[in-house]
Amino acid sequence: MVTEEEIKKVAKLMRIDIDDYIEYVDKVHAMINYFDILDSAGVEDEEISMPEIPISNLREDKHIPFDQKLIEKLNHYKGTYVRAPKMSS
Amino acid sequence: MNLKISALEYVQEVKTGNISAEDFVAKTIERIQNVDDKLNAFLTVNETSVDQAREIDKKIKSGYKVGDCFGMPISIKDNICIKDSKTTCASKMLENYISPYDATVISKLKQQDAIFVGKVNMDEFAMGLTTEFSAYGPSKNPWNNDYVPGGSSGGSAVSVSAFECVASLGSDTGGSVRNPASFCSTVGYKPTYGLISRYGLISYANSIEQIGPLTRTVKDTAFMLNMIAGLDSNDNTTIDNKNEDYLSGIESGIEGKKIGIIKEMIGEGIDPKILSATKNAISKLENLGAICEEISLDMVKYSVAAYYTITATEAGSNLARFDNLRYGYDFPLEGYEFNSYISKARCNFGPEVTRRLIIGGFVPSTGHAGKYFSKALKVKMKLTKEIDKIFKKFDLLVAPTVPILPFKLGEKIDDPVSLFLVDINTVTANLTGKPSISVPFANSNGLPIGIQLMADSLNDKLLLQAGYALEQTVSLPEVPL
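Protein chains in written order, with our numbering: chain A, 158 to 246; chain B, 61 to 541.
Don't take each hint at face value.
[Stated by the list, open to error] Pair ranges (Cβ atoms, derived):
id : chain 1 : residue 1 : chain 2 : residue 2 : range
1  : B       : 143       : A       : 215       : 36 to 44 Å
2  : B       : 533       : A       : 183       : 42 to 50 Å
3  : A       : 175       : B       : 313       : 54 to 62 Å
4  : A       : 223       : B       : 532       : 46 to 54 Å
5  : A       : 230       : B       : 97        : 31 to 39 Å
6  : B       : 155       : A       : 160       : 29 to 37 Å
7  : A       : 160       : B       : 532       : 32 to 40 Å
Calculated from the structure, these hints are not laboratory results.
Positions of the beta carbon are idealized from the N, C-alpha and C atoms, including for glycine.
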């Protein structure tokens, strides 16, 4: 069983402010509890394999200049840098 | 001017000079203006559509080579990028985002002289199955405006069903093309994973999502697939389809084909009317010469939990970029510390996206990954093994697309777990990468019912042949608009 404190902690790590307890914590709680059904799937011995793409199948790693200055499409930039607020020490 | 024609009929009519692209597109825009206040399918309408159509007419008259679409009006789900157009993902977060490039599917359709009449509504970032989670209000089902049109590609299905365009592109992560297609009585197609490039589709759960067409007929879907499928160097998950022609041989029939009826998809919780329609569809497939037999896919009962666990995890990563620094709605930097600034920016996600992001942080986290994320991946592996084994004996699988009828707006919005179960029949194709189609099949008290067929990977051509054969067995009423 997932606790509400755990949910709130993860929300903070995901940089999400929870301002509506019922809207978020209660519903997320119900959703995660539904996932407990996975415990009865009997897949403990199953191997997880991921598809592998050989490097030869990847496109050539070369710089292709874009026809516009993409950084100018960002909300906050200075020269070639993205502007961001200062981090607290 | 008859707007109620298929894509192939439109092409034929323009090609032979019976209608002009300009007249048809102008009437389509007029139709959008007349009906969309009620339906809310469109988020933006392309004001230059008629001018573009006029240019295509000029090309035809001058004898220039014209692309296969001949100015066909198409709507595009608002998570697919069109250069210099708004792409909002139906989110306040991207309210003013203008894409600097075209998605590969858009480039391909532009080369074929398609006209994009507008961007259509969806659940925010494609998370939902009713279009109620759009930040711009829900779309309405054209068959009954009190009912949901399905989702997340609800705007796509509504626009095709209500004759606001000839065809549409949506995206299908867990049934997001097939579910609204079923609810609105259009054809909806989820191709084999990798058949259509995802370059320019704003990612939600990239390991399983695919772009797919919604059309009036199965032949139109094959026509669209011919134009948008195939390798793309910008998406290394794409596969070489050897320029397969999906239209040729589509009338071949299904005589002698072995079709498995997935018993877990017609069991507990199914609406009796859906069950009856499914039995009718099976009987029609048998009349066409197919051999139908009940089969079991044991992992289906865990598939929805596995699907939401995997997609939420991928969403947690994919949506991390929406921080108002790289992407996101604008507010000034001054007066904020870095973390509090990003947290404030991310408050602009809607409730369903926020919930899934929290889940996406939780299920793969230390101490919980073994219980949730790893098990979900194992269910995905086992389900794929089960279905691969079945496809050694069977050519196709059949089930209702959705086990329940379209429901009223607001009816399930506060119960996320009951909404989960609406996906039970569609997520299997996504988790296993198999192609799947929803074909309009019946109508119960004015509400549409779709039947889903599935084939083995890269057997898209066979799947379309079967979909076409099934489609020919029914005659359905016209949308009451």
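Open item on the list: A range of 46 to 54 Å was offered for this pair. Does it hold for the Cβ distance of residue 223 of chain A and residue 532 of chain B?
Closed with: This hint holds: roughly 48 Å between Cβ atoms.
Task: Pairwise beta carbon distance, residue 175 of chain A to residue 313 of chain B, judged against the given window 54 to 62 Å - done: holds (56 Å)
Open item on the list: Taking the Cβ atom of residue 143 of chain B and the Cβ atom of residue 215 of chain A, is their distance within the range 36 to 44 Å?
Closed with: violated (25 Å)
TODO: Determine whether the Cβ-Cβ distance between residue 160 of chain A and residue 532 of chain B falls within the hinted range of 32 to 40 Å.
DONE: This hint is violated: roughly 56 Å between Cβ atoms.
Open item on the list: Taking the Cβ atom of residue 533 of chain B and the Cβ atom of residue 183 of chain A, is their distance within the range 42 to 50 Å?
Closed with: holds (46 Å)
Task: Range agreement (Cβ of residue 160 of chain A with Cβ of residue 155 of chain B, hint 29 to 37 Å) - done: Holds: the Cβ-Cβ distance is about 36 Å, inside 29 to 37 Å.
- [ ] Evaluate the given range 31 to 39 Å for the C-beta pair formed by residue 230 of chain A and residue 97 of chain B.
- [x] holds (32 Å)
Consistency note: the structure conflicts with the earlier hints numbered 1 and 7.
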